[in-house]
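Q: Under this note's numbering, the first residue of the sequence shown is numbered 7, with each subsequent residue one higher.
Hints are computed from structural coordinates only; laboratory data are not their basis. Treat each hint with caution, since some may be false.
Said to hold, decoys possible - Taking lysine-lysine and the BS3-like style, the derived pairs with C-alpha atoms no more than 25 Å apart in a straight line are:
#, residue 1, residue 2
1, Lys8, Lys46
2, Lys24, Lys10
3, Lys46, Lys28
4, Lys8, Lys74
5, Lys10, Lys45
6, Lys10, Lys28
7, Lys85, Lys10
8, Lys74, Lys45
9, Lys8, Lys45
10, Lys74, Lys10
11, Lys46, Lys74
12, Lys85, Lys24
13, Lys24, Lys45
14, Lys8, Lys28
15, Lys28, Lys74
16, Lys71, Lys8
17, Lys46, Lys71
18, Lys28, Lys45
19, Lys10, Lys46
20, Lys45, Lys71
21, Lys74, Lys24
22, Lys46, Lys24
23, Lys8, Lys24
24, Lys28, Lys71
Claimed, not checked - Label pairs and their computed distance ranges (CB to CB):
#, residue 1, residue 2, range
25, His76, Lys46, 15 to 25 Å
26, Val81, Ser47, 27 to 37 Å
27, Gln63, Thr27, 31 to 41 Å
28, Lys28, Tyr86, 32 to 42 Å
29, His76, Gln42, 13 to 23 Å
30, Ser9, Gln30, 15 to 25 Å
31, Pro17, Asp75, 20 to 30 Å
32, Gln30, Asp60, 32 to 42 Å
33, Lys46, Arg78, 32 to 42 Å
34, Tyr86, Thr27, 34 to 44 Å
35, Ser15, Tyr86, 14 to 24 Å
36, Tyr86, Ser47, 26 to 36 Å
37, Lys28, Gln63, 29 to 39 Å
Since the structure is predicted, the reported quantities are computational estimates derived from the model, not experimental observations. We put the beta carbon where it would ideally sit given N, CA and C, even for glycine.
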Amino acid sequence: MKSKQFERSGPLSLSLRKADTKHQRIDLNLIVDDIQLSKKSVNLYEPIWIHRADDPQPVQIVINKIEKDHVRGYVSAPKYRQSELSNVSYLQPPANATPSVAQPRTQPEDQQPNSSPATQPPGQ
7 MKSKQFERSG PLSLSLRKAD TKHQRIDLNL IVDDIQLSKK SVNLYEPIWI
57 HRADDPQPVQ IVINKIEKDH VRGYVSAPKY RQSELSNVSY LQPPANATPS
107 VAQPRTQPED QQPNSSPATQ PPGQ
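With the hints as extra help, turn the sequences into a complete structure.
A: In structure tokens, the structure reads:
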């Protein structure tokens, strides 16, 4: 919704400043890590990548519908922070478990694939 008020969406705050339905472009302001940014002439489906200071993975904003004074889209942010992922303990197989290895099947050397003795011409 077009407004001077910022709307919180995930790890950032957004404010729509202008929506151009004819050319399918928008102008918006963002607040990321207490810093205000302005992004002008963003096209429909154009990804906006935001790199935050506390996260090594970027946040992505995509607008997929532009109406008069209103836009729709999504914010794609990592679910977990890097520090949360490093604390995950990985499951180890039990010490007495033996790995099972499947052996590939092979055909006997005298038999060709997709051929049988009945379909071969006589004399061969």
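Q: Does the structure keep lysine 28 and lysine 74 at a Cα separation of 25 Å or less?
A: 10 Å, holds
Q: Between lysine 85 and lysine 10, is the straight-line Cα distance small enough, at 25 Å or below?
A: Answer violated: lysine 85 to lysine 10 is near 29 Å, above 25 Å.
Q: Cβ-Cβ distance between serine 9 and glutamine 30: within 15 to 25 Å?
A: Distance hint for serine 9, glutamine 30 holds at roughly 20 Å.
Q: Starting from the range 15 to 25 Å, see whether the pair histidine 76 and lysine 46 falls in it by beta-carbon distance.
A: Since the Cβ atoms of histidine 76 and lysine 46 sit about 18 Å apart, the hinted range of 15 to 25 Å holds.
Q: Hint check: lysine 74 vs lysine 45, CA-CA at most 25 Å. Holds or violated?
A: It holds: about 18 Å lies between the C-alpha atoms, which stays within 25 Å.
Q: Using the Cβ atoms, figure out if lysine 28 sits within 32 to 42 Å of tyrosine 86.
A: Distance hint for lysine 28, tyrosine 86 holds at roughly 41 Å.
Q: Please verify whether lysine 46 and lysine 71 have alpha carbons no more than 25 Å apart.
A: OK: lysine 46 and lysine 71 at ~16 Å, within 25 Å.
Q: Lysine 85 and lysine 24: Cα distance at most 25 Å?
A: 30 Å, violated
Q: Has the given pair, lysine 46 with lysine 74, been kept, meaning a C-alpha gap of at most 25 Å?
A: Holds - the C-alpha atoms of lysine 74 and lysine 46 are around 16 Å apart, at most 25 Å.
Q: Can you tell me whether the CB distance of glutamine 63 to threonine 27 sits inside 31 to 41 Å?
A: 33 Å Cβ-Cβ, so the 31 to 41 Å window holds.
Q: Holds or violated: lysine 8 with lysine 46, Cα cutoff 25 Å?
A: Holds. Lysine 8 to lysine 46 sits at ~14 Å (cutoff 25 Å).
Q: Do the Cβ positions of lysine 28 and glutamine 63 conform to the proposed distance bound of 29 to 39 Å?
A: 35 Å, holds
Comparing the model with each numbered hint stated earlier shows that hints 7, 12, 26 and 33 do not hold.
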